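Engineer: Produce the entire structure from the sequences given, and follow the hints as far as they go.
The working numbering numbers the first residue of the sequence shown as 801 and each following residue consecutively.
The set of hints was computed from the structure by calculation and includes no laboratory data. Just so it is clear, the structure is predicted and the values come from calculations on it, not from any experiment. Certain hints may be false.
Unchecked claim - Restricting the straight-line Cα-Cα distance to at most 16 angstroms, the calculated cross-link-like pairs of lysine to aspartate or glutamate (EDC-like) are:
1) Lys-1157 / Glu-1224
2) Lys-1251 / Glu-1069
3) Lys-994 / Asp-864
4) Lys-1157 / Glu-1099
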Amino acid sequence: MNPSDLEKGHSSPPSTAGYHADTEFPPKHEHPHEHPHAPRDGELALAETSPASHPPPGVGPAPDGGFWAWTTVAGGYLAVFVQFGLINTFGVFQSYYEVNQLRDYSESEIAWIGSVQQLILFFVGLFVGRVFDAHGAHVLLIPGGIIFVLSLMMTSLCNEYYQFFLAQGLLFGLGSGLIFYPAIAVPGHWFARKRALAMAIVGSSSGLGGTLWPIALKRLFDEIGFEWAIRTVAFISLFLFALSWCMVRTRLPRKKPTPWRAFWHPLKESPFLLMTACVSLVFFGMYTPFFFASNRALELGASDSLAFYTIAFINAGSTIGRLVAAVGDQWGAFNVLIVSALGSTLSLLAFWIPSVKLGALIACTPTYGFFVGMFISIIPACVALTGPASEIGLRVGLLWTIVAVFAFTGPPIGGAIVGEHPGELGYQLAGVFSGIVTFAGLICGMGSKIKIGGSLWGIM
801 MNPSDLEKGH SSPPSTAGYH ADTEFPPKHE HPHEHPHAPR DGELALAETS
851 PASHPPPGVG PAPDGGFWAW TTVAGGYLAV FVQFGLINTF GVFQSYYEVN
901 QLRDYSESEI AWIGSVQQLI LFFVGLFVGR VFDAHGAHVL LIPGGIIFVL
951 SLMMTSLCNE YYQFFLAQGL LFGLGSGLIF YPAIAVPGHW FARKRALAMA
1001 IVGSSSGLGG TLWPIALKRL FDEIGFEWAI RTVAFISLFL FALSWCMVRT
1051 RLPRKKPTPW RAFWHPLKES PFLLMTACVS LVFFGMYTPF FFASNRALEL
1101 GASDSLAFYT IAFINAGSTI GRLVAAVGDQ WGAFNVLIVS ALGSTLSLLA
1151 FWIPSVKLGA LIACTPTYGF FVGMFISIIP ACVALTGPAS EIGLRVGLLW
1201 TIVAVFAFTG PPIGGAIVGE HPGELGYQLA GVFSGIVTFA GLICGMGSKI
1251 KIGGSLWGIM
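Structural biologist: If you want it as structure tokens, here you go:
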């Protein structure tokens, strides 16, 4: 393949699992002082674990730019803007359902609908990666988009709890899982040195979507009612998905998926186990503010409009945090992970738990969102440091499959705490739960870094 072919996008789909390059782990490299142009440790680790850095025979190096490279980034951005933006907006639906269709159900019961979205989204990662390896991106993006839009259309017809659970929970989660992984992975295969930037740009769209969708839904609910509001969102989603399908280009040849028997050996390695525990525990408590910030704002005397916008505030902070995570190339991926987990814990302790004033809660939401967005965006780069380049997709998929259980159960536990203790105390205790498990995740992340690098200090 010549360079012009790369720019034209005339090649085969990428693999989420990376290439079977003979990359030594840990990667041996000379000290930067010996080579003035050598990258820093964090940059080198990300570059060496980047599939684009080890193309298969017959495929040139990643172009690190060009028309189709940035068009693919834009296509992934649109897909994640819709898919994860609406995932991050469930708090709006939580508040709406409590006073409308599902007013006879508890906060915890309603939270299960949003939690099952998370369960399906993360759990299918391992299986979607294998399909991606064998068949490329579009075979997932197109059915995923159709299922996603269908789930919204079915949600607009729902009146009973089980209907919402099936349509907005199971079906929506399945469509999301088919969309998210190829959309976030394909742009990375066009970039090597700028890979963290490209991935951060695509990832940031979930925060922007989570900022704009609550505002749009609030206006649509008030002006045209629930049914047509959801249908309008479905039509907009279909249009943006169609644009995404046209813009995404895959570059690398298909390969045989990783054998199932190879999927489990990372669980025997302490760096990967600690990293998985870190992400699982943080996600266990992460979504409590996302789900219940709107309700707590109402409890503190906010208007309906301002209460809806608290979800937008969290996601606005998340957008900035996801972009800031691109500094992982320079500061070290694990350093960014640790700072973001610590910041999430402190924002809960400083704002959410002691908040008895609406202003303190409003201050909490974008601050918490900023650190959460940073944490989510840096996870793949940290996982890349726990094993060889040929296992990146395997390890990321395995991690998310395990995390799915914790993301699924966390919000209902928070809802049960709120329901058991009416008023401010319930929300404060839910914040204590989130803060404790997030701090435990921070400790595990620090342990993973020490296991890999031998020290908590230094750029890694």
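Engineer: If a hint holds in the structure, say so; if it does not, say that too.
Structural biologist: Checked hints:
no. : hint                : verdict
1   : Lys-1157 / Glu-1224 : holds (10 angstroms)
2   : Lys-1251 / Glu-1069 : holds (10 angstroms)
3   : Lys-994 / Asp-864   : holds (6 angstroms)
4   : Lys-1157 / Glu-1099 : holds (10 angstroms)
The structure is consistent with each of the numbered hints, conforming to all of them.
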